[in-house]
Structure formats: structure tokens, C-alpha cells
Amino acid sequence: MDLLAFAKGPILMWSLIIFVVGVSWRLLGILLLRRKPDYSEPRSNATWWGAVRTVFSRMWMRKEFQSRTAYGAALGYVFHIGLAIVVFFFVPHILFIKDLTGLSWGGLPSGVIYATGVVTMIALIILLIRRFTHPVLKLLSNFDDYFSWFVTTAPVVTGLLAVAHLGARYETLLGLHILSVELLFIWFPFGKLMHAFLFAISRGTTGALLERKGAAT
Amino acid sequence: MPDNMTLGEKLVQQGISRRTFLKFCASMASLMALPPSMAAEMAEKLAKLRRQSVIWLSFQECTGCTESITRSHSPTIESLIFDAISLDYHHTLMAASGTAAEHAREQAMKENAGKYLLVVDGSVPAKDTEYYSTIAGISNYDMLVDTAKGAMAILSVGTCAAYGGIPKANPNPTGAVAVSDIIKDKPIINIPGCPPIATVMTGVIAHVLTLGTIPDLDELGRPKVFFGDTIHDRCYRRPFYDQGKFAKSFDDEGARNGWCLYELGCKGPTTYNSCATTKWNGGVSFPIESGHGCLGCSEPDFWDKGSFYKPLSTGEWGGGQILAAGVAAGAVIGVGAAFAARKRQDKASGGK
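Top to bottom, those sequences are chains A and B. If you count by the working numbering, then the first sequence holds residues 1 to 217, one letter each, in order. If you count by the working numbering, then the second sequence holds residues 1001 to 1352, one letter each, in order.
Hints are not guaranteed to be accurate.
[Unchecked claim] Taking lysine-lysine pairs in the PhoX-like style, the calculated list, with each CA pair at most 25 Å apart, reads: (1) B:Lys1245 / A:Lys98; (2) B:Lys1110 / A:Lys36; (3) B:Lys1186 / B:Lys1224; (4) A:Lys36 / B:Lys1347; (5) B:Lys1248 / B:Lys1184; (6) A:Lys98 / B:Lys1023; (7) B:Lys1023 / B:Lys1248; (8) A:Lys213 / A:Lys98; (9) B:Lys1310 / B:Lys1343; (10) B:Lys1010 / B:Lys1149; (11) B:Lys1310 / A:Lys98; (12) A:Lys138 / A:Lys36; (13) B:Lys1048 / B:Lys1127; (14) B:Lys1184 / B:Lys1110; (15) B:Lys1224 / B:Lys1245.
[As the list claims (entries may be wrong)] Using C-beta positions, here's what the derived DEER-type ranges look like: (16) B:Ala1324 / A:Ala73: 36 to 46 Å; (17) A:Phe150 / B:Lys1115: 49 to 59 Å; (18) B:Gln1243 / A:Ser104: 17 to 27 Å; (19) B:Val1335 / A:Asp145: 27 to 37 Å; (20) B:Asp1181 / A:Thr101: 47 to 57 Å; (21) A:Ala84 / B:Gly1258: 30 to 40 Å.
Quick caveat, the hints were computed from the structure, so don't treat them as lab data. All C-beta atoms in this analysis are idealised placements derived from N, C-alpha and C, irrespective of residue type, glycine included.
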């Protein structure tokens, strides 16, 4: 069995199993936790609306901190949107998802994907440098941050190397690309990448609490 | 061709002009990425070529490789080059049979010891060798080992000889292996394909005969000049891949417009061969040009690499049921973890 067959076969199966088991466990484990009782008089009963509003309002930076956070936020948006375009609009990726879920949609030309991939990779590298050089960020960062960065960046880099046929034969690079994605699948439920699912839950919870208290969200 | 006749004399006899022959040598040199000056040298050496003894052994195969080389449109210069060699043993093509045929092989081995070229098509059964595929009562395994001893080089023609091919496909009842799995002390050139392209076979033979060297090979033992690029990278449909235009079925508008066949399972991106450049049947077309995706037949284990009609980017694994079970298992663990946490919460708050 060559590297590509190995990556497309047993490793893919096990990484996906770990991914779905881990995500289900984390989500249900959190959602089924008992909420702390709040005996205060509610100032608003529109807690659901507060939850939804906060999910979206937190997508933009606060005016007060805009000058300090704009740079990091812009880079964050660039790589998140870039990743979304590359992951969900490259035709081979769509075909992978279709095979997995039955869902499919239209793709973008390869040139657009490659260019987006390069921009995404640059944004990720700048963000890592920033994490290394920014005193507060550096202090706050732990293994989870660096490893999550690594498993996010590796598929972008190996994907670009594969399409450019740089460093090794295409099938080897494709095998490495798939393996790097599988590493992401495996790490996903156990690290900060889980924010892809949890961001809405955590923001919604905060928004509902603040709405109940009558605070600005 | 009589023994004392050179290829040049043969060409004259067949009415092939020197200009045509030079054009062939130039295209062959170009195909093999040799410098242009080599064309004249190749023409000179080929024209003077006298019969090179070739022993062709056919083991577990379908005769497709022989069909490919003999059914190239006739009369081609490629076929004349093939005529120019002394095919001393080929049990499908030779007139002799039985004891006489085996005698021809033994005689060729004796008279040309250390100088003959051994061509093998078909894989070799390595399990119960005395039962699976024997010729004149001799097992394929023994015949290969015996014949390889005096060969100057071995050409493993076709995917079966090069990598085991279809006989080696799961569950491989005969324990089929490639020639290179058995012979370790001779230069081996793999010319895979199911079947290989006739021009590639004659091109490699021409290279060995004219230059007297083994062409540069890749890690799978294939001549880089013919197997250096993927089908995908040389495919005329590649621009459609880059534009994101794909045929969704074999008879939709995309297929009629000649769009990329990636979604229909084309294995061109991971297949190294010169189908897209050399093409087949005298340069008429190749499978993708005929509307079907590449099967990846020049790659090892191509038969066992999943469906020919599943896109390359899809997985080869158990499927959705396994994931559904995974979700259920994760849910059970999650519910258990949540209730354990609740118990801890209750204990900490004293049940309040």
C-alpha cells in the first residue's frame, strides 16, 4: 500500500471516526451541563434574541479597541475566509464532501483557489510571527495555540505544494496533504479548533446572560 | 529479414526513404529528450543495426502487450525496427511450437549468452510455481530465472511484468509478482501500461540498441522520457480542470464539450505515462480523447485502488455507516460525561 492509498484508506477512516466521536462528545458534554440557577429578576425575557444578536455582534471589533485590534482582526478574517474558500470551493474538496455527506455545490476555478491559498498561507504566517513577537499574545499562548496553528497551516502548505508539484512527486504530496488534513481531524475536537463549533454556543450563552441582565451585548 | 541484412537495407527494400527514416529518428530522439544531434547518430546506428537477439517470455498475461506492438498500424518504421531484431523466442508469434520452440530459446540463450535482450510480459506466479502457468512443463518462475542469467538487460513490458498487474490484484491467488521481485542482478527497464504504448516499447528498444545504455529511470524503474509527466499535466483537457469545468456524466453537455473528466474518476493526476503526448494508433488519440477517464493502468496496483469511476479526491474507506456509529458512540460518551459533571455539581452544591 503506497502513501496515497494509506492516506485515503485506513488513516482517513480512523481520523474521521476520532473527529466525529470527539466532536459529539465535546458538544453533548457541554450542552448537557447543568446551568447555574439565576435567581435575579430578569430585565428582559428576549434571551434567545440576545443570544443570536451576540453571535453576530461579536464578529466585529468594538469601537473602543478598534485601533489596537484591527490588524489582528483583519488578518484573522483573511485567513478564515481564505480557508473557507479553499476548503469549500475547490472542486476536488467538494467531491470529497459529496462522497462523505451527499451534499455538493458549485466550485471555483483552480486559479482562484490557488491564489486564495497563497494569501491564506501568508496571513497564517504573519499571525504566527505576531504571536511570537506580541508580548501579551506570547504570554497567553500555549501548546494548543501553536499546534492548532500547525495543523491548520500544514494542509494549506501541502495543498499548494501538491498543485505546484514542488519537492516531491504529486501523489506523494497529495498523500502528505491528505495526512495533514487527517491530523487536523484528529486534533480538532481536543484543542482550540473546536471553536468552529463552540463559538456560536459560547457567544450565544454570553449573549443570553447579558440580555437577561439588561446589559449591552 | 535475413540474418546478414541491416535495418537500412531492409528499409530500402520496403521503399522507406532516408528522409522518412531521418524524420522518424528525429521524432524518436525528441520523444526521448535526446539532443537533436543524436537523431543523425541514431539513424546511422539503427541503419547499420544487425539482428539483436531478443527472447520474449510471456507469463501470466492476456497477450495485450504483444497485440499492442504488433497491431500498430502497418507498415510502420516502429514495426520495421521490431522486424530488425531477431525475435528468437515468442511463443505467440513464432511459427515453431512444442519442443522446437523451446529448443529455439535454448539455442538463442547459448549462442548469445550475455548479449541477448530479454523481454517479459505477464506476471510471475511465485506461489506453487509448478502448478500455476507453466510452459513446456517449465514453471514461469524457473524459466525466468534461467533465461535472465544470460541476458544483457530485461524489459518488463506491461503492468503485469512491471508490477504484477491484474494477476496480482487482490486476492492474488497465484502469488503473482513482478519480474523485479525475482531478478535482482540484471538491469530491468519497466515499460508499464495495460497495454504499453507501442511507440514507447520501440523507443526504449531503439534507445538500448543505438546508445547501448539503459535510459534514465524513475523510482518505479520506468524510463523518465516516457513516464516523466502525469497524464493530467499533459492532457489537452487540463485547461478545463483549471477553469473548474467538469463533465458530470459521460453524455452530458460537459462531456460533449470535452470538459475535464476528473469528476468521472479520471486518474490522470496520479498516472505517469505518455498517452497524452505520444498517443495511440499512430498518434490518433488516447483514452481521455475518446471520452473516458484514465484508469491509471501504468501505476502499480491500479486494479486495487478503488473504483475507476470515483473521483481521485474521494476516500477509500468504510463509508457513512461507520461515521454514524462514531456519532452515536460520541453522543453516549458526551451524555455520560455531562451526567458525571452534573453529579459533581450536585455534590459540590450539597444538592441545592
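Which hint numbers does the structure go against, in order from smallest to largest? 2, 5, 6, 7, 8, 9, 10, 12, 13, 15, 20
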